[in-house]
Amino acid sequence: MAMGPAEAVPLLQASALRRYYGAGRRLVRAVDGVDLSLGAGEALGLVGESGCGKSSLARTMAGIEAPTSGEVRLSGRPLHALPPAARRRVQLLFQDPFASLDPRLPLEAAVTEGLPGLGRAERAREAAELLEAVGLLGADAGRFPHELSGGQRQRVALARALAVQPQVLVADEPLSALDASVRAQLVRLLAGIRRDRGLALLFIAHDLALVEEVAGRVAVMRAGRLVEVGPAAAVLHRPLHPYTQALAAAVLPTDPVLARARPPLPLRGDTAVPARGCPFAPRCPLVAERCRAEAPELREIAPGHSAACHLA
Amino acid sequence: MSAPLLAVEELCVQLPVPGGPLPAVRSVSFALGAGEALALVGESGSGKTSVLLALLGLLGPGAVVTGSARCAGRPLLGAAEADLRRIRGGLIGTTLQDPRAALDPTQPVGRQVAEAAALHLRLGARAALDRAAEVLAECGLPQGRALLGRYPHELSGGMRQRVALAMALAAEPRLLLADEPTAALDPTVAAEVLDLLARLQARRGMGLLLVTHDLGVVARLADQVAVMYAGRIVERGAAGQVLGAPRHPYTRGLLRALPGRGEPPQPIAGAPPDPLRLPSGCAFAPRCPRAMGICAREEPRAYAAAGGLVRCWLHDPAAPEGADGDGAS
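Sequence lines, in order, name chains B and H.
For the first sequence, the numbering used here begins at 1 and goes up steadily by one.
For the second sequence, the numbering used here begins at 1 and goes up steadily by one.
Take these hints with a grain of salt, some might be off.
If you only want the chain B side, here are some residues facing chain H, beta carbon under 10 Å, derived [as the list claims (entries may be wrong)]:
| hint | residue |
| --- | --- |
| 1 | G51 |
| 2 | A184 |
| 3 | Q185 |
| 4 | A209 |
| 5 | E212 |
| 6 | A246 |
| 7 | V251 |
| 8 | D255 |
| 9 | R260 |
No lab work stands behind these hints: they were computed from the structure.
Glycine is no exception: its CB is placed at the ideal position from the N, C-alpha and C atoms.
Using the sequences and the hints, build the whole thing.
The following block contains the structure:
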């Protein structure tokens, strides 16, 4: 199974995690048996295309949603049974920071909302410190979310998450809506904050080059399951699973000669997930007899590098 | 040389906003030949989408548009709404970032594609449906006929984008305007749609005006690139030149900000200027690592460079020796 760096108890661990929505013929297996662990201070990237279940996995691992079965443990204790104060050690950051910011609250109130019982002066000091920690000015505390740019709002959402001194940040496509330069600023900010605070990060994105920049280890998700987990450079440059190979091949270089020489993706058209066998079989360019009969388990192929593929 | 398919000269757009007018596009000129692809690139607010909307006459009331734009010799700016409607969808096809904006959720997709064909090619209902099935197949939806009766919500995002593309192509436009055609798509689907666009463009000899912030998409499709900043084109040239050996400090900054280039992404200092309070001189000067005294005082003209142009004082013959010597990205 995909384990983090060698240590007795991972900081955050999902075991046989399932998250289903609906029922009967409308049942959606958004997360369908995921084992994944995150070590203290580690940055783990989670990539996959829309509908693969990565946001559901993020929300379940952040404790926002309850698992259908399986469990998530924080430092060895079941996350969903922890009191709210302890659960806050896992914080969630969204793609759209508006989703977590109340438009009527000035920044001071927004970033200190999770800190009840502060006096007025303490609150102001705390807010100024948090805003400065994310590269804003203490003097911004009286401004409102609509006065800010997208990048600034994402900084405020980050300050708000940091207020409760989390151990884990789960960030769901936090940089996807931003321009390249602003994204580069935030990548740098996140790296600094992680270094200073020893914060672990589960970073969800679809931009593979960005994930490699941020995360040391990467998990690739498709149709509710992990298909590959391993060191970022190995997964993205020497992928074992044919689906990861297609994702890596879809990255467009900014060199026109290379971008045009890129061969078309080998994927076949059928995106339906079959009832049995490997879920990727209908699209897989390498599909073999066994793939249609038996679903592959995630197994370690090289040290720390696992793939769910019979042929890997 | 025959006249270009699309010729835009001195295009200016002012948008009505509180505290405005906002100079969204400032004196933009470019030309695009048949079969050629030109990409307008830049960050949010750089004016690239306003250029596209101005060409289509879709900026809305209150916008002030000056300059000239001609497609196949026909004037686009200030044309009567009836003429514009014939041009849009006929001479010029359009595909936008969000295909849901182009598709009517209450109509089966076949009828929508057929309508575009019927209107501009003067086809009867049966011939128009045949044409719809044909163009859907051409857009990589081989179940063409079976698809005609489906509704947009029954399709995946990639299929909807292909249907929107089929609508844009149904009337065999000579020019396709594409605004972030793959931004809403997953990477593997986006790669397939880009391959399709490149194939269709080559096969039809169609002009393509692409608006995007994604330099990978630019590299895949564009022959020419025009980089916009604060409403102006600051650099223009062949795609290989602009992406491989950029001359404007802003273009260099855009490339260095991307991950996956062998070094950590480098942000450009500061933030884009408030368009209502543009700095005097070069609008990029306050963020520019190479700014000189004159940059803050006087706006540079466009200097010819390697078959393109660059609007930067570093390229003035009187600039200090080696001012442009910093090499490529």
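Find the hints from earlier in the document that the structure breaks and name them by number, from lowest to highest.
-> No numbers; nothing is violated.
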